[in-house]
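Here the protein sequences line up with chains A and B, keeping their order. 128 is the number that the numbering used here gives the last residue of the first sequence; the numbers go up by one with no jumps. 210 is the number that the numbering used here gives the last residue of the second sequence; the numbers go up by one with no jumps.
Some hints here could point you the wrong way.
To be verified - Counterexamples of contact, computed for chain A against chain B with all Cβ distances above 12 Å:
#1 G56
#2 S84
#3 R96
Unchecked claim - Short derived list, chain A residues pointing at chain B, Cβ under 8 Å:
#4 A35
#5 H61
#6 L64
#7 I65
#8 R66
#9 F104
#10 E108
#11 L109
#12 K115
#13 F118
#14 G121
Said to hold, decoys possible - Now the stretches of chain B that chain A is said to cover, found in silico as 3 or more residues with beta-carbon under 8 Å:
#15 164-178
#16 197-210
Calculated directly from the structure, the hints in this document are not laboratory data. We put the CB at the ideal spot given by N, CA and C, even for glycine.
Spelled out, the chains give:
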Amino acid sequence: SQQGEEDPQALSIQEGENATMNCSYKTSINNLQWYRQNSGRGLVHLILIRSNEREKHSGRLRVTLDTSKKSSSLLITASRAADTASYFCATELRGSWGKLQFGAGTQVVVTP
Amino acid sequence: DAGITQSPRHKVTETGTPVTLRCHQTENHRYMYWYRQDPGHGLRLIHYSYGVKDTDKGEVSDGYSVSRSKTEDFLLTLESATSSQTSVYFCAISERAGESSYNEQFFGPGTRLTVL
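Chain A extracted, bound-state conformation (with noise of 0.2 Å):
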C-alpha cells in the first residue's frame, strides 16, 4: 500500500482562493516533499520539510509537518489559474538511500 495518501483526491477553486491539501502517511520518515505536475509533464519539486521542522514557506506556499500525527498540509494561498495541476506528497524513509514514496496525489483545477 501506498506511504503517502492525499486528501481530496481532487479540488475545484476560484482563482484567489486557497487550497489546501493534506497528506497522512505510515512510517518515520526523513522528509517529505511536495511535487507539482503538470498535465503531461514531469513532477516539479515545490517544498522539502524535513522531520526535525514544523512549518516551511515558499512564496505562496505554506507546508506544515506533523510527525506526531504523521500528516502533513499544502496551503497555496491567493490561487492563480497557473497552478491548475496535480500535486504530490512524497515521503523519504529512513534508511532508504533517499527513496520517495508518493501518494496518488490531489488534482487541483483553479478556475478564473
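Fit chain B to the given chain A structure using the hints.
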C-alpha cells in the same frame, strides 16, 4: 531546469519485444531513480542507483532490469514487454543532503510507453 533528458519520449511496441529506455543527466548527481506512473497510483519506484554499477530494486521491479555504467546514464530495460508495462516512465536524480538524508529529486520529462 535540471539537465535530465529521457529517450525516447514516446514508444509503441509489441508484447514480447525488448525495450530500453535511457535517462541522461548533466548534473553529476550520484543517485538516479526510475519510476512508473499509472492512473490512481501516483509514482512507483522500479529501480534505483546509488552509484556507477550500484543498483537495487524498488517496489515494482519484476520484469525490469537496469544498468549504470557511467554517472550520467541510467538505462531501464524491459526484457520482454507486456501490456501491463504500458505506462509513463520517469527518471529522477538527487544528491545527498547530509549523513542520512537526501535532497529533492529532479525529474525528467517522461517516456510514454505503449505495449500492444
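Review point. Checked against the structure, which of the hints given earlier come out wrong?
Key: Violated hints: 1, 4, 7, 11 and 15; rest satisfied.
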